[in-house]
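Starting from the given sequences, assemble the full structure and let the hints guide the process.
Using my numbering, you'd call the opening residue of the sequence shown number 1 and step up by one each time.
Since the hints were made in silico from the structure, they are not lab data. For each residue, glycine too, the CB sits at the ideal point set by N, CA and C. Among these hints, one or two may not hold up.
Distance windows between CB atoms, simulated [what the hints assert, rightly or not]: (1) Met61 x Lys40: 28 to 34 Å; (2) Pro3 x Cys30: 36 to 42 Å; (3) Gly59 x Gln15: 20 to 26 Å; (4) Asp43 x Thr11: 21 to 27 Å; (5) Pro3 x Lys39: 28 to 34 Å; (6) Gly85 x Thr5: 30 to 36 Å; (7) Cys37 x Asp4: 31 to 37 Å; (8) Lys39 x Gly65: 24 to 30 Å.
Listed below are the simulated PhoX-like cross-link pairs for lysine-lysine, each with C-alpha atoms no more than 20 Å apart in a straight line [as the list claims (entries may be wrong)]: (9) Lys39 x Lys83; (10) Lys52 x Lys14; (11) Lys60 x Lys14; (12) Lys39 x Lys75; (13) Lys83 x Lys72.
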Amino acid sequence: MKPDTTEAMQTLIKQIREAIPFDTPIALMCNGPCTGCAKKLLDYLDMELLDKEKNLQNGKMPNLGEIDKLAKTAKKIYISLQKNGLIS
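Below is the structure:
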């Protein structure tokens, strides 16, 4: 049985939080040349995740478009962090 959109969003948020190093010290983030500002990208993604978590807690059911958009955003940020050497 396929998960409903609420369960799918919760699973996606969990996977993002496990894959992306939100606790990276600023000294490591701002160490040499970079592609995109890692700190701003991490702050933005964390803010998005907190917003989605708050919506879930308030009983708002996400649609597939919201899940897809969050997944694409997280993937782009993940790739940028890889280019910056924060994720191997």
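Check each numbered hint against the structure and report the violated ones by number, ascending.
As far as the earlier hints go, not one is violated by this structure.
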